[in-house]
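Chain residues, written in single-letter form:
Protein chains: 4
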Amino acid sequence: MSSRKTVDDLELGTLRSKIDGLNRRILELLQQRGDVVLEIARVKQEKGLDGYDASREDEMLRELAGSAVGPFGPPEVKEIFKAIFRSSVNIQERKRLQEQRVRRFDLLPPGGIRVGNVGIGAGVSTLFLGPCSVESEEQMDRIASRIARLPVQKILRAGAFKPRTNPYTFQGLREEGLRILRATADRYGMATVTEVLDTATLDVVAEHSDMLQVGARNMYNTELLKALGRSGKPVLLKRGFMATLDELLLSAEYILAGGNDRVVLCERGIRTFETRTRNTLDVAAVPLLKQDTSLPVIVDLSHALGRKDILLPCGRAALAAGADGLMVEVHDAPDQALSDGFQQIDLDSLDELVAGLGVKAPEKENG
Amino acid sequence: MSSRKTVDDLELGTLRSKIDGLNRRILELLQQRGDVVLEIARVKQEKGLDGYDASREDEMLRELAGSAVGPFGPPEVKEIFKAIFRSSVNIQERKRLQEQRVRRFDLLPPGGIRVGNVGIGAGVSTLFLGPCSVESEEQMDRIASRIARLPVQKILRAGAFKPRTNPYTFQGLREEGLRILRATADRYGMATVTEVLDTATLDVVAEHSDMLQVGARNMYNTELLKALGRSGKPVLLKRGFMATLDELLLSAEYILAGGNDRVVLCERGIRTFETRTRNTLDVAAVPLLKQDTSLPVIVDLSHALGRKDILLPCGRAALAAGADGLMVEVHDAPDQALSDGFQQIDLDSLDELVAGLGVKAPEKENG
Amino acid sequence: MSSRKTVDDLELGTLRSKIDGLNRRILELLQQRGDVVLEIARVKQEKGLDGYDASREDEMLRELAGSAVGPFGPPEVKEIFKAIFRSSVNIQERKRLQEQRVRRFDLLPPGGIRVGNVGIGAGVSTLFLGPCSVESEEQMDRIASRIARLPVQKILRAGAFKPRTNPYTFQGLREEGLRILRATADRYGMATVTEVLDTATLDVVAEHSDMLQVGARNMYNTELLKALGRSGKPVLLKRGFMATLDELLLSAEYILAGGNDRVVLCERGIRTFETRTRNTLDVAAVPLLKQDTSLPVIVDLSHALGRKDILLPCGRAALAAGADGLMVEVHDAPDQALSDGFQQIDLDSLDELVAGLGVKAPEKENG
Amino acid sequence: MSSRKTVDDLELGTLRSKIDGLNRRILELLQQRGDVVLEIARVKQEKGLDGYDASREDEMLRELAGSAVGPFGPPEVKEIFKAIFRSSVNIQERKRLQEQRVRRFDLLPPGGIRVGNVGIGAGVSTLFLGPCSVESEEQMDRIASRIARLPVQKILRAGAFKPRTNPYTFQGLREEGLRILRATADRYGMATVTEVLDTATLDVVAEHSDMLQVGARNMYNTELLKALGRSGKPVLLKRGFMATLDELLLSAEYILAGGNDRVVLCERGIRTFETRTRNTLDVAAVPLLKQDTSLPVIVDLSHALGRKDILLPCGRAALAAGADGLMVEVHDAPDQALSDGFQQIDLDSLDELVAGLGVKAPEKENG
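Residue numbers (the numbering used here), protein chains in the order written: chain V, 1 to 367; chain C, 1 to 367; chain X, 1 to 367; chain D, 1 to 367.
Please note that a few of the clues may not be correct.
[Unchecked claim] Computed list of lysine to aspartate or glutamate pairs in EDC-like fashion (alpha-carbon distance at most 20 Å, straight line): (1) C:K82 - C:E59; (2) V:K18 - X:E28; (3) V:K78 - C:D346; (4) D:K226 - D:D203; (5) D:K18 - C:D35; (6) V:K290 - V:E247; (7) V:K44 - X:E11; (8) V:K82 - V:E59; (9) C:K78 - V:D309; (10) V:K290 - V:D106; (11) D:K44 - C:D106; (12) D:K78 - C:D292; (13) C:K290 - C:D309; (14) X:K82 - X:D106; (15) C:K82 - C:E28; (16) X:K78 - V:E79; (17) C:K308 - C:D351; (18) X:K82 - V:D20; (19) X:K226 - D:E207; (20) D:K18 - C:E63; (21) D:K82 - C:D246; (22) D:K233 - D:E207; (23) C:K308 - X:D292; (24) C:K226 - C:D203; (25) C:K308 - C:D348.
Since the hints were made in silico from the structure, they are not lab data.
Take these sequences, add in the hints, and give me the full structure.
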């Protein structure tokens, strides 16, 4: 078996060169075909004709599949040419958009995505801290006053509109919650993020918060995503717990396509069979997303894990994987929280966690 | 080993009787406790006091856990009493709602849920048929004219507002699509169902369609569910593709709690590791849901399977499991469909499918 | 839209001719490329190399996308070439699958797979009935005497070697259990199936049982599968709870490749996020497997569901989907069972279940 | 809300005293119930019966909910008693877990688990490096000579017996592969690990390798686990790709119960719906396992990810989460590998990876 490689290498190598050559010639013809397609589109547009002609495609497919003589039979020929047709539709539909905007690597300004006085994705980790829900002014003050003192770059988070699974549980203080969150954050000079549930309440949320969060349950809510594209506000877009990374990127693309590039992606665990954690933290999502986009990526530890005792090792892991920040739910009295008490840490534990993570302090803010 | 059973049976039986007795005594005390809780609530209400006092609960928990001597240690005592506290809050919050409305077995009127001239869940299977998307008047007419002829109870389905994953794919004809769907259905005397994406467009959809569909991506959209509760229109509620049955029932509860009992549940496959089907049809969901609710349950075969070649055996399986109906996507020219062509069957295949399923013809409608 | 076609003119006609010409030239090059692909596959197979090389594809995609100059940008080039790659894999697969024995449709003899006096897969449903574990002679006799009376085609099942997750739970009576099972079955003229755990104990199990079961945990145990291929005994091969259908067919192929075609496939539920059932019964697996192979397919209801209350509707569903039989665990006193008591039905419930399923009685056995 | 407390009056005080009294009496009964539960568990264990009986619980719940007369309706009664049942399981579990050997924290000797000249789990990360399969002496030498030079603690890994899904792909050089692996490792003074597939070949593998690997497909192979318990050799136990952490610990318990404490656990990704990675690396498994056991935990990056381009960030994440080592597949010519070429890195990439991970050099070996 030992001398096999050298002989085979030659044989395989030759065959692979042939493939490479054929690929190049096919690509050349495809580009010529693309030119003609665009020319047809131009002519049709001038004449006010519909761009897309399904019956014409069907005719071509039938003809090509019918004349399929060789290793590729009719099903393969149809599949390949359907891909060619789809791509031809694509280049017409978005002639100016040479690729998905989310995959461009010039989206992120040097200072990162600015949210209030914070720049996300510019080298310093950002912590998103606060309670699951705004419950009262006193509660928010107790929590925010401690968060404000932490020597890290942070954003105050808290839910005002809560998307609860059960209709009879606490649904959030809504507008009142927004006002409390804003007032508290202003008192301590912090930026805020809070969830927006619906196009109907987008305006009021946008008026009160520096950043708008799309929750995991809303990642596929395309009407909301479109509205956020128009809003221009920074968006924290959470991955659905049943969403692939490609679907997350397409949801981001909805916002970007609407003219808003200020999107931060958030891995928050996916639903699997394992029950030890509420969801399964998909840590590989961080480097995979960063290969595809320049948008910042953070990890919501509290929702990914649903337990407090492994926040530190998992937070370290997320940062080691390249995350631009972490979200952690914090409460002054988790046992009394109106929602998700079991996964919120208390204020002393927060100090320990932040010390253990060893995140860098932010640059001094000038003015 | 053979004589073991008789001795052990006695021993285990005695112990189990003890448990049963203790259960009854615990329940008795719990009910007494419940009476006092309601009395406290009444007193507080009279005095205008807040109903919920987290610090009081915390105090009780600390005291009880501190005095935990016996097999149950502090964590177990806390868990049990937290359940008692939660339940005590529940009975205050929804005193009149003795249980979840969705679990009541008197929800379904004898004629089933009426949608136009059709009664869903009243013994005769209902087929929900039509294309993925409304594409044109001609297309809808070609399809509807064939569906109208089928000797089964049916509802015309087609998407006008489409929640597409990709922002650059066809998003539906929207208002124009609603008008075409309505006109086509009226021409053939059929009732319609179409998806509603958002609270902002609910009114226009409700105006044009007999039944409103909540898609799998929107099952957790609580703002939309609440609005549907207020709308009073029949709702077809699809299970999220990563939603448990308990979550589906809670989503239905949102609609029912808003005053609308006319909800049909729809199993449409869940996301798993298996790739042969687009999703995995969870056929056990049908009898499980029917154990918990009197609401009708149908199965969306097209989305569950994502392929056409096993519609018949899976449709038979769904009906054998007790489903009240099936949804199947139908197109006059699937290869040219603007969306999901690969899973839509053509009109001749529809005839065969319906014949193969052997569903009963509906009772004659008397004007 | 209807008058569109007539507006076509010379200019468009010319451009469309160009497209047609380019299509033909692209197809020609694709077929040449297909020839080289098959040649590479042949060389690799001779060397025992893996056929599919994702990194090679990635490299080609990167190179082609990188040199995409023209109307088709990197995303379109990637999409088209991915379709070409998929189709190239298809034609290799088609060749390879044509060679897989499991996909032949002449495997099943007219009388089905004979196990004792029973023919599985020959039109009459077979029920595989018995307790989870052999516990004692008396227990087996109580159960088998009732099963024997049922007017259906059946095989007596019971575990002697038990693959328990927990090392401290009952592991089966092993050799003693095999002897009890054999003696009981002989007394009532029934054929038997029992699980084989390991190549080391295969011979003793094969000596005592008419059919050998490969449990879900052993579906990937290739050494065991090979040994079963050599044994010549009928095999009941359960799908792993984490196995795709393709993997199940490949495990069957191991047995067939060893010279043993007498394999019955068994769907028994897959592991998903839903917790209402122990596993999720993948009912679509039945027709999908039957499209690919002529081997009989049965459904193990007890393990798929892990609960007794929906056996009837799910059993009906499995048969409606085309299953050749059902497996149900039965115990004379489920509450006292040494294993899996919660999913075994009692003997009266068995009578009801069989009546409810309405399976045909077997043909009279002659001699 | 702040002045609420002071308003309390006599009436409320009296009612609250009643609540306190009822709480105490309920707790008393709960503890009595706990005693009976433990007694039942003891009796069942003596008989080898399963401890947990879901149908018994269901029955009790139905009965209790059915007799719920008072302010607590069936849902509350169910919720409370479910908490009681969970807690009752907990106290049995606590007793049972206290007895599980794998959960003892004195298993690991100060120098870690010794495998040849390496101590795993004693503070210095161990890298498990080598090709997927032994292919030839030359191949092993090219790879091992480079690995030997790395300034890290390492073990040479390579498969001789391969558990391939497809019966027609390369199945490993088997005995010949064992000999090559041993000779190569000896030449470079390295310890080895290789997979054992089956009890029948355990002896020959144990004779040639310093450590025995149980692959993911064999994690549930209890006969093999028992044999490994008797063998006394160090074991590398991989998590099944659809196994919960509790199941992994129970598989380890099989080996420990047989008298062999030298077990290293390996997280290698679980099967989910996400397709970007071959499996989903469950990084939280590392700290969760370390909370439950003192056995070392490593991460197999190659199988978890199935791609090479994110090894570094994910390797960093695994170490940051507390892993005691990493496994990475390495090949001198990945494109020519006889198996899994797409996930093996070449030798130059290995150097970069090790540099990037920044793992500590091992202590000098004396003698």
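Do the hints match the structure? See the list:
1. C:K82 - C:E59: Measuring from Cα to Cα gives roughly 12 Å; hence the hint holds.
2. V:K18 - X:E28: Holds - the C-alpha atoms of E28 (chain X) and K18 (chain V) are around 15 Å apart, at most 20 Å.
3. V:K78 - C:D346: holds (18 Å)
4. D:K226 - D:D203: holds (14 Å)
5. D:K18 - C:D35: holds (11 Å)
6. V:K290 - V:E247: holds (15 Å)
7. V:K44 - X:E11: holds (10 Å)
8. V:K82 - V:E59: holds (12 Å)
9. C:K78 - V:D309: holds (18 Å)
10. V:K290 - V:D106: holds (13 Å)
11. D:K44 - C:D106: violated (42 Å)
12. D:K78 - C:D292: holds (14 Å)
13. C:K290 - C:D309: Violated, because 28 Å separates the two Cα atoms, which is more than 20 Å.
14. X:K82 - X:D106: Cα-Cα ~35 Å, so violated.
15. C:K82 - C:E28: holds (18 Å)
16. X:K78 - V:E79: holds (14 Å)
17. C:K308 - C:D351: Distance of about 14 Å is within 20 Å: holds.
18. X:K82 - V:D20: Since the Cα atoms of K82 (chain X) and D20 (chain V) sit roughly 14 Å apart, the hinted pair holds (cutoff 20 Å).
19. X:K226 - D:E207: At roughly 24 Å apart (the allowed maximum being 20 Å), E207 (chain D) and K226 (chain X) break the hint.
20. D:K18 - C:E63: With a Cα-Cα distance of about 15 Å, the restraint between K18 (chain D) and E63 (chain C) holds, given a limit of 20 Å.
21. D:K82 - C:D246: The hint holds at about 16 Å.
22. D:K233 - D:E207: holds (10 Å)
23. C:K308 - X:D292: At roughly 16 Å apart (the allowed maximum being 20 Å), D292 (chain X) and K308 (chain C) satisfy the hint.
24. C:K226 - C:D203: Since the Cα atoms of K226 (chain C) and D203 (chain C) sit roughly 14 Å apart, the hinted pair holds (cutoff 20 Å).
25. C:K308 - C:D348: holds (13 Å)
The structure shown violates the earlier hints numbered 11, 13, 14, 19.
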